[in-house]
Amino acid sequence: MKVLDLVQDGSFKVLNEGNNLEREIRAPYCCDLLSVAMGRMPADSAWVTVMGNINTLAVATLADAACIILAEGSHLDDPALNKAKQQEITVFETELPIFEAAFIVYQKLHA
Amino acid sequence: MSNTIHMSYEVPANDFTRAGEASSSLKSSLKKMGVNPEIVRKVAIAMYEGEINMVIHATGGKIDVVISPEEIEMVLKDQGPGIADIELAMQAGYSTAPDNIRNLGFGAGMGLPNMKKYSDEFNIESTVGVGTTVTMKVKM
Ligand SMILES: Nc1ncnc2c1ncn2[C@@H]1O[C@H](COP(=O)(O)OP(=O)(O)OP(=O)(O)O)[C@@H](O)[C@H]1O
Ligand SMILES: [Mg+2]
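Going line by line, the protein sequences match chains C and X. Everything in the first sequence is counted per this note's numbering, starting at 2 for the first residue and increasing by one. Everything in the second sequence is counted per this note's numbering, starting at 17 for the first residue and increasing by one.
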């Protein structure tokens, strides 16, 4: 499944469309502690988190996440939204709990 | 003095909107040079953890990077408060990060362990009241 498939599918609200829509998503990954995510998130993950600040975007970029899914109704703050636009990172939002959001990605990958 | 490239970055104090810029900038330079993506990822992770520590725990600092055909060396130097017990600081889960920093997602106490894990050589020197210097090497 590509990032583009997730953009088109409508499961999550698209907050920012990045420049990496052709990228293959390998797995969902859930964690809110930045340095745990940094150390353990596999490359090409769909990263599901409630942390919507600028550091989330830095970690996503540096650890090679495919996209960010903000769950539990959390949002990007303004500096983070600007950074997402500037760095062209794909970010989704959803009211769903973290587990359910990640499970949707998992089901699509294993359909 | 042959094929080495030197780069240096100033890390501003207390500026979370810019924290990570040095690591991002090094990452894109390495990508452009055609360095293996796995090596780029190791360097980016190790350097980010060090960069963010300089912002959170010290008062910013300076990062010098030397890229040679054999390895990438990063030297991160700050004039912050220093670390009294390095062995303790290196333990997974140990953190002195205050609540306002934890609310941003930091403070798991995994930064220094990540730096050690993702670098091939890791050295930290610190003097209380003087500052901290971390040297990391990632082999090509
Ligand atoms: N440059 C530094 N100057 C002074 N103290 C430091 C420095 N780097 C780390 N420390 C000390 O070592 C501790 C452990 O650092 P580490 O990066 O592992 O965890 P953290 O920064 O607290 O949390 P995390 O990195 O998981 O978000 C810090 O809480 C701090 O007390
Ligand atoms: Mg840290």
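Hints may be right or wrong, so weigh each one.
Unchecked claim - Ranges of calculated distance between the beta carbons of each label pair, as one might list FRET restraints:
no. : chain 1 : residue 1 : chain 2 : residue 2 : range
1   : X       : E137      : C       : A112      : 43 to 49 Å
2   : X       : E86       : C       : E101      : 44 to 50 Å
3   : C       : D78       : X       : N19       : 24 to 30 Å
4   : X       : M49       : C       : E96       : 19 to 25 Å
Hints are computed from structural coordinates only; laboratory data are not their basis. Even for Gly, the Cβ is constructed at its ideal location relative to N, Cα and C.
Taking the hints in turn, this is what the structure says about them:
no.	hint	verdict
1	X:E137 - C:A112: 43 to 49 Å	44 Å, holds
2	X:E86 - C:E101: 44 to 50 Å	48 Å, holds
3	C:D78 - X:N19: 24 to 30 Å	43 Å, violated
4	X:M49 - C:E96: 19 to 25 Å	43 Å, violated
Consistency with the previously given hints fails for numbers 3 and 4, ordered from lowest to highest.
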